[in-house]
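Novice: Given chain A, work out where chains B, C and D should sit, using these hints.
If you're matching them up, the sequences are chains A, B, C and D in order. Going by my numbering, the first sequence opens with residue 1, and the numbers climb by one from there. Going by my numbering, the second sequence opens with residue 1, and the numbers climb by one from there. Going by my numbering, the third sequence opens with residue 1, and the numbers climb by one from there. Going by my numbering, the fourth sequence opens with residue 1, and the numbers climb by one from there.
Hints listed in this document are in silico derivations from the structure and should not be mistaken for laboratory results. Relax, there's no trap hidden among the hints.
Calculated pairs, SDA-like style, for lysine to any residue (alpha carbon to alpha carbon, straight line, at most 25 Å):
id: 1; chain 1: A; residue 1: K386; chain 2: A; residue 2: G273
id: 2; chain 1: A; residue 1: K116; chain 2: D; residue 2: T121
id: 3; chain 1: D; residue 1: K115; chain 2: A; residue 2: N407
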Amino acid sequence: MTENNQEKIGVYVCHCGTNIAGVVNVQEVAEWAASKLKHRGVVIAREYKFMCSSLGQELIEKDIKELGLNRVVVAACSPHLHEKTFRTACANAGLNPFLCEMVSIREQVSWVHTDKVAATAKAKAMIAGGVERVRYNSPLEPLMVPINPATLVVGGGIAGIQSALEIADAGHHVYMVEREPSIGGHMAQFDKTFPTLDCAACILTPKMVSVGSHPNITLLTWSEVEKVEGYVGNFTVTVRKKARKINEELCTGCGICQEKCPKKVIDNVYEAGLGYRKAIYTPFPQAVPNRPVMDVENCTYYEKGTCKACEKFCPTNAIDFDQQDEILNFEVGNIVLATGYDLFDARRVTNYGYGRLPNVFTSLEVERLTNAAGPTTGNIVLRDGKTVPKAVGIIHCVGSRDRNFNNYCSVICCMQSLKFAHLVHERTGATVYNFYIDMRTAFKDYDEFYQRVLEEGTLFVRGKVAEVSDVPRTEREKGKLIIQVEDTLVGKQRRIPVDMVILSTGLEPRKDAKEVAKLFGISCSVNGWFIEKHPKLDPIATMTEGIYIAGCAQGPKDIPNSVAQGAAASARVLGKIEQKQIALEPIRASVIEEKCSGCRICNGLCPFNAITFHEDRMVTEINPALCQGCGTCVAACPAGAITGTGFSNDQIMAQIEGLLMLNVDQELAVA
Amino acid sequence: MTDQMIAPPIPIQAQGEDLTLLEEVASRTAGVSRLEMCIQCGTCGGSCPSADAMDHTPRMLFAMLRAGMRQEALKSNTPWICVSCYHCVVRCPQEVHIADVMYTLKSMAIRAKLYRDSTAPDFSQTFVGMVEEYGRSFELGLASQHYLKHFPLRLPNMMPMGMGMLSKKRMSLTPKRIKHINQLKTILKRAKELEAEQ
Amino acid sequence: MTDYLLYPGCSMETSARAYYDSLKAIAGPIGLNLKEIDDWNCCGATEYLGISLTPAYALIARNLALASNAANGTRTLVAPCSACYLNLAKADYYMNERPKLGQMVNEALEAGGLSYTPGSLDIRHLLDVLVYDIGLSAIEKKVVQPLTNLRVAPYLGCMVPRPDYQHRWSDHEQPIELDLLLKALGAQVIEFPLKTECCGGHMTQIGPATAFEMIRRLISGADEHEADVMVTVCPMCQLNLDGYQGEANRFFGTNYHMPILFFTQLMGLAFGIDPKELGFGLELVSAKNVLDTLGIKAPPETPPAPPRRPRKPEGLPMPKPLKRPKVEELEKEVTQ
Amino acid sequence: MTDSFEPTIIGFTCNWCSYRAADLAGTARIKYPPNVRLIRLMCSGRLDPTFVFKALANGADGVIITGCHPGECHYIEQNYKALRRFHLMKRTLQGLGLEPGRVKLIWASAAEGAKFASEITAFVEEIRALGPLHWGKNGSAPSPTVEAVQEKVEVPA
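Extracted from the complex, chain A is given alone in its bound form:
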């Protein structure tokens, strides 16, 4: 450490092009560090255009070898970006990587300050802090832990399905947990998919079947993850398998119970509230697994104590009214979250009248209307169940791009609206209006589809619809829904009478996204979507190692992108599995037994149960495998008996001194 005063510290100041050098006088900073921090052990200070480039790294490596540096401080970007890069460079030159310290003069200085003099001074102070701190850094060895090759995939929509299949096909075990009775997700509700208009069921069902029958996949539907413990490579997962009230071994999926069940319930999930199901049901014929669940809240037996029609007619005695929830525990190395989205509740936009005006529909309702397996066998009709509309208005951006609701673009609505325009036109011959703010048809073959819909004679009105009314002002408007809008390309208010209004409702994070994020130790953005590690360069990983996100859980996206992300997540998981073991940051707390007085103050502090007390020796011990390195016990120990590697008291105290060095010693401040 520092007692022998043999520190040889190298300081490297990065320009980051003009990102840093445009605000911070990097040359002055480097010269200052070389001269004024000499007595603190700095033997060399350099500035370079891009320290993270291979040439920049070579500079460090060369100095370590030639000048015998035993400590390195790099003043550049955030350590979250390049700490690994520079530690590796040090390691390459034979220096323990933990003797390298980063100072963030880009995110914390040049990008957030404009006053060049003040920014330069702050950069100096921060470097002084880094230098003081690095003097107390000690060489550490990463903890190597094996990676469990099994993976948990949460959510059985198209993103989760893709991810699970790729990992399972590569020969590793996957646990897929799905909340609903069947996998398939929102895609299973759709009829056609844009822009090619292929049938959603035709392309999805084979994949669902593969998941259901894959020897490497344990499929847990009607189940939810309740607890996740551990860390990358070694997670322990607790899943609640809700009681189906069906013995899945005995059930053959024949469907007689559903036929015989006398209780009809509006299906708010799969049929989007437009159709009915029974109190015992599989949501749709192609469901995987093909096993029904009993809806206890609506079942006549649970309500009145008699009925049991399903039990009477079941040919295999598979109905089990006494079945209880099951708690399952298993271990996995990696987790993919593909929990999807919820539809925006269109009733919140009072002026569009959904929920009040019968012939205003949401996009998901229309998906069901157009679906041959839906409540109207694919006939697009009004709420009365029979009248075919003559004029239909499709409203874009409902609940999206609107600060009163959600401020983001839901991405899929423009294409979805075009798809509806095409389907309505094709099946009813109705006049179709599309009301849009901006047409967003970016991606392969999307704009071509727009062209096709234009050709078909769909009328496009550029304007966000102000209101949908059922109060006529003229004869022409009687008995119609009137869409009131400014046609912004004409500059006039128009009232357009139609029979049916389709709201292209936006996508929202799942209602419980925040709780789920907490459960898995990741975070949500301001809008509520799961946050990726980097918005451009790492959209799959999260800040928590071993947890990946895919599909709409990360943000609104269409099917091709969800599939791509699901596949990308599995590639990341397979990469981790291939490594077989993983190096964990050796940031851990440990007890110096001689100093421990046995006061037990720290004992109740650890949420990871890493602290145990030995009654016989009257001392506390910390299990390094369980310790996560938060340091709360270090701060609490009145005897100073607990040390935290990487963030020791000495390191932090020294850093404080360094940061304030310029304030105390005026001499140092002179450039």
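Specialist: Structure of chains B, C and D alone, referenced to chain A:
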């Protein structure tokens, strides 16, 4: 090489373009106008119950402000036709304070004497004149003064209504004055001075 | 007894006398103790704001200053007029949102020896106080003459539910407070989709044709729903719809007869108060039919009208209406 | 020289939320005054009150501590422990005659770059209003040594 040879081409300046206009309107508006946030979606023009009578929809007017079309914008009858129903305000996806911007445009038009038709400004000014004089509004005086000037031919049509209001004592024949009218006048005088310093 | 400061506004003493009279008549029975602020001035309606910013806000703020001086333990300032309510709330809100405006307004007020700290008053509309403070169940308890058989179109106009700076109302477009209050009185409340459309505001003065069209839309909408009466919470709406109804009829060659009453007048009737004390007879479109329907003079034998748009059992199911927590609470209070 | 007092502030940030909020403020180029210098800890629970005394004794005019929102701690619940300690520490500092406004605890998630920047801006102004703290500088008031302060402090668990 001479300077002329490398001189950049002269940018084409649109006539009368006044890029300070948007800023000026925003700064004269109570609260934070958020006018610069407009995405031209037309929610305001679609929502407006009196849009049919407007020269420009509110959306167009905001585009004109952005384009710096001072004369045209301040001549527009749009702000005067606004009935302050706030439909556009609560629906605007960008939370622009539309109704308040309309008030600002009226006051700017009065200052610049740029309104097209004096009916509405006259009504406002007659109303305000009475309030400044009495501290209260005086409907009979206002209505008769205003109608006499702007709709003399309408006045007979309005008589049944006026007589009805009078006979039911829903309109007073004499104005009511508040006790501390001088205090109010002093406050308004100071306010006007402050406004003028702006 | 709850104490509230009252800012009546100019109309309450003249064109909306029926509103003031009926308010005074019902205040006692429901325990609403209103204290009128002394020497208040006009709020400037929708006119002053369009002339000059600082003077317009100074005019409004003088009332706020007087009110906060008279506060004496209460923070709530009640305005029965929508335009007054909005102006007072607006000044309070913007003086805070843009401190410079607040500063200039206070400088002006100082010239008259006054000052106002934005946020120190709670500015509320009368309907808000009745529904959320007095409470629907308390109102329902006072009903001795339920308004059975009376089909009422609840009409709020613009400036009560919008822009709603303090988020007090259940919705900006289809708020439910007035509906529930009228239901508590036993009336048949029609689902009136135009309940927050504009009455025409000052357009009666500056563009009568536009105003008449807006009046026509509302009256014909209420007529279409077979309403016996439209109920309003605002003097301006009442004046436009009642006072100019005949004029609009002449303009379009129509023959509507839609009485326009203040909600406080109906409350009074339901409480068994003499119609004369409630300002009945002051309306230009006679509301005699309302009294007749209620059998206050001669009870007619009209069966209750069938609900409009009967929902057919067949066809596709409708989504359930959205229940905002606020509405759910309110609905619990009405026993009907 | 003193007409525009520029305070020096030490900030302790949690590695998982507020340090990333600072990163985000940077990526989004949200400006805030340069008076604050950050120290990364793994968790706000790591904050030993001694660090705060050390910073004030060495010349800082204020200390800001930032952690994950309650309920969102990366280490499950350690920010609650930070909160508990913070209140006791504040009382101790008051006992030493320090204005309570000189140390502040705020929550900022990794998504709240803008909030982080505005909190820093506000805190700088608050400290500017309080004026310089003469503990660590060659000023008039004698500064208690870290050791002396430490003796007075009971560290709550």
